[in-house]
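**Student:** Read off the chains here:
There are 2 protein chains.
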Amino acid sequence: MANSKQTSIGTVAAEPEPIDLDWSTTALLIIDMQRDFMEPGGFGETLGNDVSQLARAVKPIAAVLDAAREIGLLVVHTREGHLPDLSDAPRAKIERGAPSLRIGDPGPMGRILIRGEAGHDIIPALYPLDSEIVLQKYGIENLLVCGVTTEVCVHTTVREANDRGYRCVVLADGCASYFPEFHEMGLKMIKAQGGIFGWVSDSAAVLKAMTAETSNHLAAGASR
Amino acid sequence: MANSKQTSIGTVAAEPEPIDLDWSTTALLIIDMQRDFMEPGGFGETLGNDVSQLARAVKPIAAVLDAAREIGLLVVHTREGHLPDLSDAPRAKIERGAPSLRIGDPGPMGRILIRGEAGHDIIPALYPLDSEIVLQKYGIENLLVCGVTTEVCVHTTVREANDRGYRCVVLADGCASYFPEFHEMGLKMIKAQGGIFGWVSDSAAVLKAMTAETSNHLAAGASR
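Line by line, the protein sequences are chains A and B.
Residues in the first sequence are numbered from 2 upward in steps of one, following our numbering.
Residues in the second sequence are numbered from 2 upward in steps of one, following our numbering.
Same shape as in the complex, but just chain A (with noise of 0.2 angstroms):
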């Protein structure tokens, strides 16, 4: 490629004025299109909303991201939905007010607002190519962190992520550096005055501790 640094730039129209996009950088994201959003029978439809006001956004998104593919930008999908088991919902969000069926309750596309149900999936017109992003939204708190190298990228990523209310467990024999000294520094930084970005602990103690979760799992399923 003769240019290959060209930086191409688009200018969007905008209030409260027009923005200059690189478009090298910019992703396009598309927000819980999802059917059960969007069709009759779904979340949206029980707790007595009409559906219909939400389809006049399908055609103008399906142009954009038409358009999108063609000048390559990254697309992100994002998908609202729990666990079969509801272990990720939160109580006050399942009980909140008095839709004809709950998140869990079985419907006319599956199980309410359940990840891998037919009704928590993009809808048709919109649907995310196997290269774009699915963003699922979890509700994870912890994270279980390693790999490498540790003053580098782990150090910021466990940083980022203290910063944004997650609790991060550093697994210090799953990460290493190309500087022993720098790997000892970086685990002995986390843990530091009370344990200032984290925790550091390390795959024996992570496994024991999901050993025992795996017993538990086997003592709850009778038949397996």
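It is worth saying that the hints were derived from the structure and are not from the lab.
If a hint is listed, it holds; no wrong ones were tucked in.
Any copy, or any two copies together, can satisfy a pair, since identical chains are not distinguished.
Under the rule of at most 30 angstroms between Cα atoms (straight-line distance), these lysine-lysine pairs were calculated in the DSS-like manner:
hint : residue 1 : residue 2
1    : 60        : 192
2    : 189       : 60
3    : 209       : 189
4    : 138       : 192
5    : 209       : 60
6    : 94        : 189
7    : 209       : 192
Given the coordinates of chain A, assemble chain B onto it according to the supplied hints.
**Tutor:** Chain B in isolation, oriented as in the chain A frame:
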């Protein structure tokens, strides 16, 4: 399931103190375990590093990954890498240091740190399942936001993204609400006070800017 709201908690030995983890809200985060950092001939080695230093982390991570899959934990793999035309790679990053091969140069595992090349991929020992998340670390700065509903999930996303430094352009006709007055007011709130949360545009304006880009692409590609 008899006991669907059962919470499973694991206690992990850690410093500065043991930590209780609710597995249903815990993710395993594996950072940049890519061939380019881990294997001979990759970027790590071209920078003059001894890649054998990193190999020690593989076995502990593989053990935790197996156990995490067993108990159904969310698993997230990250990858660092750039677009083939390097348009998303800061010049300061490309030019830094004196590696024998720079980012984008052809190496034994393909072009160094370029998405889609063999060296960019996760090492075989920790290869992601299709059901796991592979988080490409993109250099995205701008978000074109659309979806439903305007005043709930779209607003929340834009507010949080704006706080984190993204420039958000909301497509008015690509958003909708069950309540038209919430839709209108929601859009006004975004662009008020000089654009306190971001910009409001519409699909036609974005398409116009993208179409100009498509024409540029076509003009640039001689034989297309």
